[in-house]
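**Student:** Listed here are the chains, written in short residue letters.
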Amino acid sequence: MGLSEVLHALVTDYTLRTVALGSATLGIVSGALGAFAVMRRQSLLGDAISHTALPGVALAFLLTGTRASLPLIIGAAIAGWLGTLAVMAIVHNSRIKQDSALGMVLAVFFGFGLVLLTYVQRMPQAGKAGLDKFLFGQASALLASDVWTMAVVGGVVLILLTVFFKEFKLLAFDQEFGMSMGFPMRVIDILLTTLLVIAIVIGLQTVGVVLMSAMVVAPAAAARQWTDRLGIMVLISALFGALAGITGAVLSSLTSRLPTGPTIVLCISGIVVISMLFAPRRGIVYNRLLGFRRKRQLELDSVLLDLHELALQHHDPQYPHTPAVLRSMSHNPLAVDRSLMELQQRGLVKETDPGLWQLTVEGERLAESKLTQLGVTR
Amino acid sequence: MSSAQLEIQLIAAVVAAACALPGVFLVLRRMALLSDAISHAILLGIVLAFFVVEDLSSPFLVAAAAATGLLTVVLVEGLNRTKLVREDAAIGLVFPVLFSIGVILISRYAGDVHLDTDAVLLGELAFAPFNRFELGGLDLGPTALWLMGGVLLANVLLIVIFFKEYKLVAFDAGLAASLGFSPTVIHYLLMTQVSVTAVGAFDAVGSILVVALMIAPPATAYLLTDSLRRMILYSAVIGVLSAIGGYWVAHLLDVSIAGCMASTSGLLFAAAFLGAPQRGLLAKARRRRRQKWEFAVAMLAIHLFTHEDLPEAATECRVDHLTEHLNWTDQFADRVVELAVRSRQAMLENGLLRLTESGRRMARDAIVNWSPSA
Chain A
0 MGLSEVLHAL VTDYTLRTVA LGSATLGIVS GALGAFAVMR RQSLLGDAIS
50 HTALPGVALA FLLTGTRASL PLIIGAAIAG WLGTLAVMAI VHNSRIKQDS
100 ALGMVLAVFF GFGLVLLTYV QRMPQAGKAG LDKFLFGQAS ALLASDVWTM
150 AVVGGVVLIL LTVFFKEFKL LAFDQEFGMS MGFPMRVIDI LLTTLLVIAI
200 VIGLQTVGVV LMSAMVVAPA AAARQWTDRL GIMVLISALF GALAGITGAV
250 LSSLTSRLPT GPTIVLCISG IVVISMLFAP RRGIVYNRLL GFRRKRQLEL
300 DSVLLDLHEL ALQHHDPQYP HTPAVLRSMS HNPLAVDRSL MELQQRGLVK
350 ETDPGLWQLT VEGERLAESK LTQLGVTR
Chain B
0 MSSAQLEIQL IAAVVAAACA LPGVFLVLRR MALLSDAISH AILLGIVLAF
50 FVVEDLSSPF LVAAAAATGL LTVVLVEGLN RTKLVREDAA IGLVFPVLFS
100 IGVILISRYA GDVHLDTDAV LLGELAFAPF NRFELGGLDL GPTALWLMGG
150 VLLANVLLIV IFFKEYKLVA FDAGLAASLG FSPTVIHYLL MTQVSVTAVG
200 AFDAVGSILV VALMIAPPAT AYLLTDSLRR MILYSAVIGV LSAIGGYWVA
250 HLLDVSIAGC MASTSGLLFA AAFLGAPQRG LLAKARRRRR QKWEFAVAML
300 AIHLFTHEDL PEAATECRVD HLTEHLNWTD QFADRVVELA VRSRQAMLEN
350 GLLRLTESGR RMARDAIVNW SPSA
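If you're matching them up, the sequences are chains A and B in order.
With numbering that gives the first Met the number 0 applied, the first sequence has no gaps in its numbers, which climb one by one up to 377 at the end.
With numbering that gives the first Met the number 0 applied, the second sequence has no gaps in its numbers, which climb one by one up to 373 at the end.
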């Protein structure tokens, strides 16, 4: 199927449109909240929350017998909340560290969720509710009503995020300062964590409990590479989340036996890799290129300044020298000839006789100004 | 109890003990979440190797999956070194990718091979006894038991042989390095152990609940003892208890065995969290209560000591004046006086309190020990 056909189907096909809108919603909300989680070094809290939501999902299913979004989201949110509280209680009241508390709560809640799910599966009205639908999500099963629920809940989360942006920023960067300013930082912390829990649980139906954490970490980690400003990072992160959500969900809906959660994760991970490689200023490739250009500039400068230095020694600004002399002065003798050629093209040096090089007037002026910039005075 | 039931419990117990051993060092070294990453990522190794050998209990599969576990650690550290993301985010980025590839491969080709997502993720302990280890037509028991027995033995041996090194690296990596023990080598040895154990255990409990068995028993043991040897021993015992307890709960309710094992390990942790002799919440609350009264008695002794043999003693040391001088309620004052008299720190004569010799000593000690200048 070509791209234009996919775009056409996105608008006309009910299922595909629903899936794309749902995945975009989850990507936007988890991306925006994920920015805060990543900045606060709580990336793995998302992992814990999404796993701990499983018993809540199972209980909600057990009690209501439906797969409608709202009960599942509420159940998941309560369980996710309890899991977070359990982690905090363990860390505060014992010598167990954050990592062990997270890992343990995650796995134990998940185990309890499995117990409930296997119990659910034995019930006659459950039908064949496949476990992997809960674990890895099934975007194609989304209904328009589910998307409405996600959009409304997610919208409320985003509005709260905007309203309290300043407070959350303070929490992420300088909690003590916030406290000294008289902000109730604990309340703000609880509010932000609650929003994170909600952001995670609205994605569970689509991405599944096992991989939802990636939707919190990855968009934010990618967005971090492109900016140093939190506000912009939140926007980019939401955008990346939406992009990966739509791409992954559509791919998975169009292909048979391609689970949604893992597909979305691979899409967002691709965005992470691209960002880490090519983002200006932080990207690996960008920095390599920058390093290469700087090295080249240093080679040019050193030849220029060496010529200038030699001329000064002879009390004649135009005194010519052979490349051999320059090579012996250089850190990188192999680059001297190349540098001379380039300087000649820029009109900074000229070859008076074959094998004899001297500064032009512009070259001399540039060398002087570079020395002044470096703070060298004579 | 049928022989299959016995075998299942035996396998569960061996798996739990094998997981708990490396788990102790993960908990101590604050690397618990690496086990989460490794146990998820080995899925990819298992799937890839399974496509080649088509046998879930082949040693080749174990080796390939363990290699994926190590690859995860290398990738996390590599990502960390770029300084573009922090360590927690690095873990959170790496394992979902490897895991996702594994899940997609299973889903795409599951029809062609006998491997399904539920079994790999959640394990199916109930089926473990069907896979027999036979040698020359002789039935030697379930393959899983042999596999995990081997892993358990290897873990025990490694920890016994490298006990000193592991201990040193766990508590003071800097010292270990300066003494010539490479923390990196020990780190990768531990990570290999975690990977191999997770691979061996996934068959029985699935790749997610391996984390529960690796973290919960050592965390529980950590609340019970301050000795590394005891912590290792307790972890193994708690792991085995979780396994067998979990099996019976699952049997009674007819639900997931692995889920019940994880839940039981969580319950055991909760029990220790509340009731551990020294570090439990209850013990702490009781200690605080006791200290409150001890402090009050000491305060009374200091008060009496300060005014002893002075003219104002007649008013200051009266029981019914304590409410005024120490700002205590009547009830509280009566209780403190009763405690002080019963522990023979003070004597009561006609409503007037007098210190005994031991009370005087206590007051003097208290002043020396608690004064800000001391």
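Treat the hints as calculated values from the structure; they're not laboratory data.
For each residue, glycine too, the CB sits at the ideal point set by N, CA and C.
One or more hints might be untrue.
Claimed, not checked - The calculated label-pair distances, taken between Cβ atoms and stated as ranges, are:
id, chain 1, residue 1, chain 2, residue 2, range
1, A, A140, B, S1, 36 to 44 Å
2, A, R292, B, F50, 43 to 51 Å
3, B, Y108, A, V151, 48 to 56 Å
Unchecked claim - Cross-link-like lysine-lysine pairs, in silico, BS3-like; alpha carbons within 27 Å at most:
id, chain 1, residue 1, chain 2, residue 2
4, B, K82, A, K96
5, A, K132, B, K82
6, A, K369, A, K349
7, A, K369, A, K294
8, B, K166, A, K96
9, B, K82, A, K294
10, A, K96, A, K168
11, A, K168, B, K283
12, A, K96, B, K163
13, A, K294, A, K349
**Student:** Compare the structure with each hint and give your call.
**Tutor:** Here is how each hint holds up against the structure:
1. The hinted window of 36 to 44 Å between A140 of chain A and S1 of chain B holds, with their beta carbons roughly 40 Å apart.
2. For the pair R292 of chain A and F50 of chain B, the beta carbons lie near 46 Å from each other, so the given range of 43 to 51 Å is met.
3. As the Cβ distance of Y108 of chain B to V151 of chain A is approximately 39 Å, the hint placing it in 48 to 56 Å is violated.
4. For the hint linking K82 of chain B to K96 of chain A, the alpha-carbon distance of about 24 Å falls within 27 Å, and the restraint holds.
5. For the suggested pair K132 of chain A and K82 of chain B, the alpha carbons sit about 36 Å apart, so the restraint of at most 27 Å is broken.
6. For the proposed pair K369 of chain A and K349 of chain A, the alpha carbon gap of about 19 Å is at most 27 Å, so the pair holds.
7. Annotation: proposed proximity of K369 of chain A to K294 of chain A holds, straight-line Cα distance about 16 Å (limit 27 Å).
8. Proposed proximity of K166 of chain B and K96 of chain A is supported: the alpha carbons are some 18 Å apart, at most 27 Å.
9. With a C-alpha separation of about 22 Å, the suggested pairing of K82 of chain B with K294 of chain A holds against the 27 Å cut-off.
10. A C-alpha spacing of about 25 Å is found between K96 of chain A and K168 of chain A, which places the hinted pair at or below 27 Å, so the restraint holds.
11. Between the alpha carbons of K168 of chain A and K283 of chain B the distance comes to roughly 36 Å, so the proposed pair goes past 27 Å and is violated.
12. A hinted pair counts as satisfied when its Cα atoms are at most 27 Å apart, and K96 of chain A with K163 of chain B qualifies at roughly 23 Å.
13. For a cut-off of 27 Å, the pair hint linking K294 of chain A to K349 of chain A stands: about 23 Å separates their Cα positions.
In summary, the structure is inconsistent with hints 3, 5, 11 from the numbered list given earlier, while agreeing with the others.
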